[in-house]
Amino acid sequence: KQEVTQIPAALSVPEGENLVLNCSFTDSAIYNLQWFRQDPGKGLTSLLLIQSSQREQTSGRLNASLDKSSGRSTLYIAASQPGDSATYLCAVRRTGANNLFFGTGTRLTVIP
Amino acid sequence: EPEVTQTPSHQVTQMGQEVILRCVPISNHLYFYWYRQILGQKVEFLVSFYNNEISEKSEIFDDQFSVERPDGSNFTLKIRSTKLEDSAMYFCASRPADLAEKLFFGSGTQLSVL
Chain Z
527 KQEVTQIPAA LSVPEGENLV LNCSFTDSAI YNLQWFRQDP GKGLTSLLLI QSSQREQTSG
587 RLNASLDKSS GRSTLYIAAS QPGDSATYLC AVRRTGANNL FFGTGTRLTV IP
Chain W
702 EPEVTQTPSH QVTQMGQEVI LRCVPISNHL YFYWYRQILG QKVEFLVSFY NNEISEKSEI
762 FDDQFSVERP DGSNFTLKIR STKLEDSAMY FCASRPADLA EKLFFGSGTQ LSVL
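Chains Z and W, in that order, are what the protein sequence lines are.
Using our numbering, read the first sequence as starting at 527 and increasing by one per residue.
Using our numbering, read the second sequence as starting at 702 and increasing by one per residue.
Among the hints, erroneous ones may be present.
List time: in silico BS3-like cross-link candidates among lysine-lysine, alpha-carbon distance up to 27 Å [unchecked claim]: (1) Lys594(Z) - Lys743(W); (2) Lys594(Z) - Lys758(W); (3) Lys743(W) - Lys779(W); (4) Lys594(Z) - Lys527(Z); (5) Lys594(Z) - Lys779(W); (6) Lys784(W) - Lys594(Z); (7) Lys594(Z) - Lys803(W); (8) Lys758(W) - Lys568(Z); (9) Lys803(W) - Lys568(Z); (10) Lys784(W) - Lys758(W); (11) Lys758(W) - Lys743(W); (12) Lys803(W) - Lys527(Z); (13) Lys743(W) - Lys568(Z); (14) Lys803(W) - Lys784(W); (15) Lys758(W) - Lys779(W); (16) Lys743(W) - Lys784(W); (17) Lys758(W) - Lys803(W); (18) Lys568(Z) - Lys784(W); (19) Lys803(W) - Lys743(W); (20) Lys568(Z) - Lys779(W).
It should be emphasised that the hints constitute simulated quantities derived from the structure, not laboratory data.
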């Protein structure tokens, strides 16, 4: 069974800092990996999707990397802003499966 | 940008009652999903739906749960006899036919069973 872990569970940084969020998964037979943002009491907003054949994806200040063989992905946020404060979730789709396995998330607070 | 919409945003019900959670997926999407998130826990897969039938379901999705696409736009999740442990945020999601495409989530329905 696929297990997805995110470290740290919570992170607090001053505005302007660059930061890295980590995601690890136990089964490397994945089809793709998706990073989401969740604001309190809200739905999930897709940030980046990396296919298993890709090493990284970038969108604005966000960069996600994938090392499938070691079962790891990172989400890099450059020049953090208070508006980046949210919970960040990673989710993997196993090869041949139709559903996503989610991590427990990292709660990010960016202090003005 | 197109959105997945869910109604109601909050639902309070008594234990043993039936509830129906409603979703309108993005119009050209073909796969539909329900996920749930119990407070403080991971988002969990419940069921996926394609071509008017369930394509995959988790062990959570027992006989108390059912899904339906009653018309060309709505996708519903019914819980027949709610239990306290069904209290959670329920998310609907959809995606196009291509498995490489992103999954789009709605803003969720917070279900509270008293």
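Quick one: which hint numbers does this structure break? Sort them smallest to largest. 5, 6 and 14
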